[in-house]
Amino acid sequence: MSSIRLGEYLVHRGLISEVQLNTALQHQQRTGERLGRLLLILGYVRRLDLARALADLWQLPFVTVEQGTVDPRVAQRMPLEATLQHRAVPLREDARSVTVAVADSPAPELRSILEIIYPGKAIDFRVTTEWDIDRAIASIHRRKVVDTSIYGLYFRDQSESAFTVFTLPQYLTFVLLCLVLLGGLWLAPARTLLFLNIPITAFFLITVIFRTWVGVAGAAAETAISISDEDVRALDNRSLPVYSILVPVFMEERVIGTLLRSLAELDYPADKLDIVLLFEENDPDTLAAAKAATPGANVRFLVVPGGDPQTKPKACNVGLLFARGEYLVVYDAEDQPEPDQLKKALLAFRRGPKALVCVQAALNYYNWNENFLTRMFTLEYSFWFDYLLPGLDRLGLPIPLGGTSNHFRTQVLRELGGWDPFNVTEDADLGIRAAMHGYRVGIVNSTTYEEANKQLGNWLRQRSRWIKGYMQTALVFSRDPYGLVRRAGWKHTLGFALLIGGTPLIFLIQPISVVLTIVWLFTRSSLLESLFPPAVLYLSLFNLLIGNALAIYVNMFAVFKRKLHVLVLFSLFNPFYWVLHSIASFKALGQLFTKPYYWEKTTHGLTRHGAAG
Amino acid sequence: MASPAMAPPAEPAAPRWVRALLALAVVVPLIVASVLLMHGGWRSDIHGAFLSRVRFAENRGQLQLLGFEYPPLPFLLLLPWPADLWIIILAGAALFGLAWMVLADCTWQRSIVPFVLLLSVLWTPIGVHLVAGDFNEAIGLFALYVGWRHYRRWWATRQTIHGLYTGLWLGLAFYTSPLGLALALVAGAVLPIIFPRLQIPPFASQLVLLVFPGVAATATWAYLSWIFIHRVAFPFTPWEPASPGFATILVWTVPYLVVSLFALLRPRATTAGVLLPFALLVLANRVGWHFSLAFATGLLTLVAIVALPTDLKSSRRALVCAAAVAQAIAAWWLVPWPRVSEADLAAHAVADALAKAPDRSILIDDRFAPQLLKWAPSLAPYLTTRDPGFELALADAAAKVDYVLITADGDGLTLDADVHPPIGFVVNWSWAGYTLYRRPAAAQLPVRYDAVLAADAVVP
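Line by line, the protein sequences are chains C and H.
Using this note's numbering, read the first sequence as starting at 1 and increasing by one per residue.
Using this note's numbering, read the second sequence as starting at 1001 and increasing by one per residue.
Hints listed in this document are in silico derivations from the structure and should not be mistaken for laboratory results.
Do not rely on the hints blindly, as some may be mistaken.
Unchecked claim - If you only want the chain C side, here are some residues facing chain H, beta carbon under 7 Å, derived:
1) 220
2) 528
3) 529
4) 533
5) 534
6) 557
7) 565
8) 568
What the hints assert, rightly or not - Far from chain H, some chain C residues (derived; all Cβ distances over 10 Å):
9) 18
10) 25
11) 46
12) 59
13) 206
14) 216
15) 219
16) 287
17) 354
18) 460
19) 554
20) 569
21) 583
22) 601
Please read all numbers here as calculations on a predicted model, not as lab measurements.
All C-beta atoms in this analysis are idealised placements derived from N, C-alpha and C, irrespective of residue type, glycine included.
Only chain C is shown next, with the shape it has when bound in the complex:
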């Protein structure tokens, strides 16, 4: 059915005006999008009216899919994947025919599939809205959607899921190490502590060298060609694919309005945006707030079926099932991405290798100067996203994805099994998993501004979750060390071990070093001399003095690069900030044993600051 006919029909029916039609057609010339969707996005026509008009034009009856109009036994015979692919829901059947609701003109391929599923039956198509289709799918296939979103990865490959926290060999190794340590402390305490101190010191040293090396490589990445504003301007909107934006929201009624405004400001044709807000069943307030914000027609609401664990990755997996875009990005509720981010990410995909499955945008904070904690958090993020991740990218090491603003090729993400709902840093886990499967994760020079935690308790909850997630990820990928090396190679494995395994470990053992240093400074106790023979002592001093100075210095440059000049001196307070990390690490370690899947919710909307820029 041609666009002109749809337009003419809508004008004829008095549903839109000539002027509106012409405006939409002009848009269509620029973006190449379908007229019906354009009219919806522009707000010229109601979704229901459009569906009715299409039904008339396609000479098919219109139907409203409501509770009770669908026979689940009939509908569930069509596999979820086919249902989602064709956006078609079988409603009921009788002896001669099967009634199928569609939101698009039925393709021959759909007809063929239906003829196989319902042999000998005539196919009786009815037209409905996309929203009705999605709602019906979520309702009819509820069990399958829940299972897929929770256990999809686990059933695909148990070894990559954090569902099992410790495997038996890991558990036995852990117990054995504890026993050896206790036995050693009982029989030869000084020697045992010395033998413990040697690997700890060496590990600190390696971490110092590794982080500095990666940080400097990240700083040097600045000199590499990145995607410029000219590149973005040169993009032809007609060539842009549909881009899905997944936003899992839970108890975010305070920020949902801001979120929708930020998304509306994205420099991407609105008709090619597929924005999916993912609500939890037990959170009607956020859903109500979203409805009250009257989002555009390119925003879909999906209510994630309940079921443990109730985590962000589970919601994202549901979103992934329903996403229509060729590319997909995940944002958090309080995110404010730079407007050209989607285009930059797209260009990064187009210019990158085929194996590039994901690009990560930088994250930073718009409320950086709110208090000491937000300043330190901003320092940390500036280093992490502006130096460390670009450094890992430049050195070809696996990149742990960070929080939000991860852009994916949707199809490859599905092939990878989506996010692990049992891992509380599902993003970091996914980045590493992608690398282990031979895919690349890249970096794009665009920033998403978020709200930095300004309350210590809130910060500790968030940080302990992140560290627990790193522990989970480290445990998952160390189940088969030999296989890991074989699949990923030494370089990737070492990079993974130092970053994912090393980060929690360094914060767990840091307090011991701090306490020993303080004790020695104040007591000059000779008891400690046995722990620090000359070589160990020199390396420890190197770690303490040079290592800390290097970490602080590189961090200074990270905020300098962000032009946050006031924060340069705050970098000197990093050692105190690292103490907070250690506290969070011990909390995370405790939870790893007691509540491994528990998602410590971070409260957003506490800031008094406005948005960035």
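Using the hints, position chain H against chain C.
Structure of chain H alone, referenced to chain C:
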């Protein structure tokens, strides 16, 4: 210093192998001359002091026995292999790096003048001093020059990586010379001159970024010396003769003066960057920071290279080259070539003789024996003031050691050994200002009395 517009491109166009060959050609004669000097039995007092300290620390297995004297980098670099050849390799590598970068500047400036300036320093006895005399200064010059180059790029490109490298290299330079920190301060202080519209927060942050590594290095060293030797040993260079004076520096940096004159004739914001290093050297001399004439000449020549205007008229280029060549000729004429002294030959012979003694069997006051220890192939035979048993041995020498050595500088052992043999010891030999006492039961340690006769045969 160059203006932002003059900053070189990230990668100069000259083929790397050409640059490498040329840089090698610059360095090889210096290395050959230094090796000849080494084989001729010459070793600078500074290198001797570095080597003896490192050998001592290695022999005792305790890094803190380096003494935590400033500058620390040469000690640390010598730890893997405390030998003359390693010193020459390290200095050669540093000067190779310098030549490599100056050649890159030549390519960028499309001029041979920087290269001529460099040769006018290196291919003279001054250059030989940097390899054979004080490799620490060669490394210092290298680090300072790398820092400078990144500083220029930082101006020009505003890419933070160059700021990062500037701070790190100047911080490293501080471990060879306090000028690293001083120059970082200068580099930060001149920023408002280079960028007149620079506001206070970015200026302050850039100053912090430039100075932080140097300050951190200072604090690190102060802390280490405090915890190990209970005093802050900084800066302290006991073996260094007095630094050259204001007039001497001026006389030996004519090309720099010519370039400074050109800079002053066309004053611009960056002219301060040309003049301040000289002022720093003068100030450093006043406050007791030591450096050699070679270092001062090398540093100011590098400043001249950096500050050379790209659009300099050919007549002025010729003038700079002429000044450089004249200075080089003068250097060959006036700067003495290193010669082996009789005292050194004697000390070498004594050190060789004592090397055969058992471990910790020779009681010596190392504070009065730098010339002897400079030649000691190993510090194992000596029981020094830094050893834990020294005081006990001093109280009852005959029970603790086999030998007591008194040096020409004085005994320092309070044994009245310059008056009579210590109780329980007899004179083994007394020669060239050294007296060796031994217990009657201990073996003789004969020394080659003819060693000084070879003094004239070691000039390459």
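Hints, verified against the model:
1. Satisfaction of the interface hint for residue 220/C is found here, the shortest Cβ-Cβ separation to chain H being roughly 5 Å, below the 7 Å cut-off.
2. The criterion of a C-beta within 7 Å of any C-beta in chain H is not met by residue 528/C, whose closest approach is roughly 12 Å, and the hint is violated.
3. For the restraint placing residue 529/C at the interface with chain H, the shortest Cβ-Cβ distance is roughly 12 Å, beyond the 7 Å limit, so the hint is violated.
4. A distance limit of 7 Å between C-beta atoms decides the matter here; for residue 533/C the minimum to chain H is near 9 Å, and the interface restraint is violated.
5. Checking residue 534/C against chain H: minimum C-beta separation of about 6 Å stays under 7 Å; hint holds.
6. At a threshold of 7 Å, the smallest CB-CB gap from residue 557/C to chain H is about 5 Å, leaving the interface hint in force.
7. Annotation: interface hint on residue 565/C holds; nearest CB of chain H at approximately 4 Å, less than 7 Å.
8. At its closest, the beta carbon of residue 568/C sits 4 Å from a beta carbon of chain H; the interface hint therefore holds under the 7 Å criterion.
9. For residue 18/C, the requirement that its beta carbon stay farther than 10 Å from each beta carbon of chain H is met, with the minimum near 53 Å.
10. Non-interface status of residue 25/C relative to chain H is upheld: no Cβ of that chain comes within 10 Å, the nearest being about 46 Å off.
11. At roughly 52 Å from the closest C-beta of chain H, the C-beta of residue 46/C stays outside 10 Å, upholding its exclusion from the interface.
12. The claim that residue 59/C is not at the interface with chain H holds, since no C-beta of that chain comes within 10 Å of its own (minimum 64 Å).
13. With a closest Cβ-Cβ approach of about 19 Å to chain H, residue 206/C is found to remain outside the 10 Å limit, as its non-interface label requires.
14. Under the 10 Å C-beta cut-off, the non-interface status given to residue 216/C relative to chain H is violated; the minimum distance is some 7 Å.
15. Residue placement check: residue 219/C does not keep its beta carbon more than 10 Å from all beta carbons of chain H (closest about 4 Å).
16. Taking the minimum C-beta to C-beta distance to chain H, about 44 Å, the non-interface status of residue 287/C holds against the 10 Å cut.
17. With 10 Å as the threshold on Cβ separation, the claim that residue 354/C sits away from chain H holds: the shortest Cβ distance comes to roughly 29 Å.
18. Every Cβ of chain H is farther than 10 Å from the Cβ of residue 460/C; the closest lies at roughly 30 Å, confirming the non-interface assignment.
19. Some Cβ of chain H comes within 10 Å of the Cβ of residue 554/C; the nearest lies about 7 Å off, and the non-interface call is violated.
20. Against chain H, the non-interface label of residue 569/C is violated: not every CB pair exceeds 10 Å, the least being about 6 Å.
21. The Cβ of residue 583/C lies farther than 10 Å from every Cβ of chain H, with a closest approach of about 26 Å, so its non-interface assignment holds.
22. Every Cβ of chain H is farther than 10 Å from the Cβ of residue 601/C; the closest lies at roughly 36 Å, confirming the non-interface assignment.
Hints 2, 3, 4, 14, 15, 19, 20 from the earlier list are contradicted by this structure; the remaining hints agree with it.
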